[in-house]
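**Student:** This is what each chain is made of:
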Amino acid sequence: MHKGTKIIAIGERDGVPGAVIAECLEGAGYEVVFQVTECFV
Amino acid sequence: MSENKEGIKPVRVGIEGVFYSLSHVPDLVRYGSKPLRELRANPLLGEQLTKHLRGFAAATAYAPHQVYIGNIAPDKLGELPKPWFVKLIEGANPQGRFGALVNQDQFYASMAGADQFDLVTLEEKWFHERGARYPLGHRQPRLGSAPEIGNLCDKGALPLYSGDRLAGAFQAGHEEDANLVAEVLLENLAAKVTAAHSLRALLDNLNANAGEIDFVISSSEEAVGDRYNRGGGNLAKAIAEDVGCVNASGCDTKAFCAGPMYAMVHGASLIQSGVAKKVAVVAGGSLAKLGMKFESHLKTNMPVLEDVLGSFAVLLGPAKPGQVCMRLDSAAFHPVRGGSSPQAMAEYLAEKPLAKLGMKLTDVDRYGVELHNPEITVPSGSGDVPRTNYLTLAALAVMRGQIQKSQMEDFVRSRGMLGYAPTQGHIPSAIVYLGHALDALQSGAIRNALLMAKGSLFLGRMTHLSDGCSFLVDRNEVSGG
Amino acid sequence: MNFENQGVIKRLADQYGPENLTVVLGNGEANGVEVFAETVTEGDPSYAGPLAGVALKIPVYHVLEQEVMNEVPENLRDEKLQLSSLVIDIEPMHQLLQTARDKI
Numbered sequence: 000m001h002k003g004t005k006i007i008a009i010g011e012r013d014g015v016p017g018a019v020i021a022e023c024l025e026g027a028g029y030e031v032v033f034q035v036t037e038c039f040v
Numbered sequence: 000m001s002e003n004k005e006g007i008k009p010v011r012v013g014i015e016g017v018f019y020s021l022s023h024v025p026d027l028v029r030y031g032s033k034p035l036r037e038l039r040a041n042p043l044l045g046e047q048l049t050k051h052l053r054g055f056a057a058a059t060a061y062a063p064h065q066v067y068i069g070n071i072a073p074d075k076l077g078e079l080p081k082p083w084f085v086k087l088i089e090g091a092n093p094q095g096r097f098g099a100l101v102n103q104d105q106f107y108a109s110m111a112g113a114d115q116f117d118l119v120t121l122e123e124k125w126f127h128e129r130g131a132r133y134p135l136g137h138r139q140p141r142l143g144s145a146p147e148i149g150n151l152c153d154k155g156a157l158p159l160y161s162g163d164r165l166a167g168a169f170q171a172g173h174e175e176d177a178n179l180v181a182e183v184l185l186e187n188l189a190a191k192v193t194a195a196h197s198l199r200a201l202l203d204n205l206n207a208n209a210g211e212i213d214f215v216i217s218s219s220e221e222a223v224g225d226r227y228n229r230g231g232g233n234l235a236k237a238i239a240e241d242v243g244c245v246n247a248s249g250c251d252t253k254a255f256c257a258g259p260m261y262a263m264v265h266g267a268s269l270i271q272s273g274v275a276k277k278v279a280v281v282a283g284g285s286l287a288k289l290g291m292k293f294e295s296h297l298k299t300n301m302p303v304l305e306d307v308l309g310s311f312a313v314l315l316g317p318a319k320p321g322q323v324c325m326r327l328d329s330a331a332f333h334p335v336r337g338g339s340s341p342q343a344m345a346e347y348l349a350e351k352p353l354a355k356l357g358m359k360l361t362d363v364d365r366y367g368v369e370l371h372n373p374e375i376t377v378p379s380g381s382g383d384v385p386r387t388n389y390l391t392l393a394a395l396a397v398m399r400g401q402i403q404k405s406q407m408e409d410f411v412r413s414r415g416m417l418g419y420a421p422t423q424g425h426i427p428s429a430i431v432y433l434g435h436a437l438d439a440l441q442s443g444a445i446r447n448a449l450l451m452a453k454g455s456l457f458l459g460r461m462t463h464l465s466d467g468c469s470f471l472v473d474r475n476e477v478s479g480g
Numbered sequence: 000m001n002f003e004n005q006g007v008i009k010r011l012a013d014q015y016g017p018e019n020l021t022v023v024l025g026n027g028e029a030n031g032v033e034v035f036a037e038t039v040t041e042g043d044p045s046y047a048g049p050l051a052g053v054a055l056k057i058p059v060y061h062v063l064e065q066e067v068m069n070e071v072p073e074n075l076r077d078e079k080l081q082l083s084s085l086v087i088d089i090e091p092m093h094q095l096l097q098t099a100r101d102k103i
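Chains as they are written, first to last, in numbering that gives the first Met the number 0: chain H, 0 to 40; chain V, 0 to 480; chain W, 0 to 103.
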């Protein structure tokens, strides 16, 4: 992933939730501009 | 029963019984949230939808429904030929060991019987031919002629169909209040009558008197209220009244899909503390979730499987010797600082509460998780929810060195089960397994079961957090209380 | 991908420029991944959402792919992602996503 890119985190409740993706990518030094978790049930 | 580890004093509340109802309402699928929106955008879809609706016999003979009402054990479901919607069960009974299927005629009649505000008008010929045979309680239904019904619908009432026949109309409760439009009130009344059906049937099964109940907790998926208080609630009391629990009051517990589990903990706590003696925990069906995945079912030429409203009722009382009980000392929640990772959920809802009891993940004989029927969810790309839940528990057991990675599938097979509940949100969430768990615990086939539910709070746009609730069920000592 | 999320991605692409964005997914199963990947690269394959016919060409990853995992600090990986990597089979998803990224 190229440095400086902004992250859109689209998580899934039964996979990896958006908030978790966001936390991990922020920990990696990226800016997360949007996070959401889809729930199908 | 679970072995009592040293220093651990079990706190038990008795589970007297459970009853599950499935109200088959094919002609209300059009009012589910997704179909309602899609059919308004594309009316031609309505015709296609109608062609894919199944009748009561097919819904009764549908294997997952037979598991739900207690006629087939969850373990047996995997052995049955698929697809389940084609390979129907011969001689299937709508009455189950701890549940029942309710047909649409009875459902419409019960709505009229439970309606105190003249929302429901039934077409008089239809009622006398089809609805009158069902018990209505003390109330006479509001009846109208066919032209009168047609008139109400022209003025904005929701038509209640029975196949092609106009069986009635459902009106708004207020001219202007958006929270009292017909669609909302239909949702609320559907939750009320389905929960009431389950509670009534449970009391019948137990030969118990409605007057013995002193508290009812409802955890249904609706929002009873008006424009000044959209979710005012206490549907519980309306249900208590409908069932004849004259000595009870009640209140609602809401937490998305984990709601019923919290309601059980609250109910058990009322008993343990002595505030109440007999508590009914009920959950009504979710009209909004009817036909949620109908488009994928149409595309794959399946019947619309989300044509049933699921509901249940549980009766709690002080623990008796030898009785199957909730372990109140095992009740676990997911704290704010927990974070939403599947790992955190499994730690807080399974690992930590078990550790408190001196147990490992491998000391649980059965896990009752979110048991959505995969035949409904897989065609629409939503995956196999129970399997994902079980794999998560198995993965945590691997990480803790309790099992090897190669034993994950075995963990899933022996401590899990196939999903069989309709996708009714809170209904598949853990408590759906309680009926079979009671059987297995009473016979000694299992020593314990851990029930775990999760709630997608983020859907309400107030927090990104996930949520959950769990507790263990086991048998009380024969000698003690 | 639901239409609301498609709309948000479109707005963000207008705001930041699609070349400055990366989508990171958390799907539990592979069949959702293919559709999501196509939606943010070539456009909504169902031709119904806000990204219908809109080819943003935004690179898309799954959080459990090595390319992403390698960048996440070890403690976060262990605490937040390790269990998911045991549950979710990333290999088929990686194939799909690599193909989508190569097309950009």
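In short, the hints are calculated from the structure, not lab data. Model, not experiment: these values are computed from the prediction. Careful: at least some of the hints might be erroneous.
To be clear about the criterion: a stretch of chain V counts as covered by chain W if any three or more of its residues have a C-beta under 8 Å from a C-beta of chain W, and this derived list gives those stretches [claimed, not checked]:
id	stretch
1	379 to 387
2	397 to 409
3	416 to 422
Here are some chain H residues pointing at chain W (derived, C-beta under 8 Å) [what the hints assert, rightly or not]:
id	residue
4	M0
5	T4
6	A8
7	I9
8	G10
9	E11
10	D13
11	V15
12	P16
13	G17
14	I20
15	A27
Quick reminder that beta carbons are idealized off the backbone N, C-alpha and C, glycines included.
**Student:** Hint by hint, where does the structure go against what was stated? Just the numbers, ascending.
**Tutor:** 3
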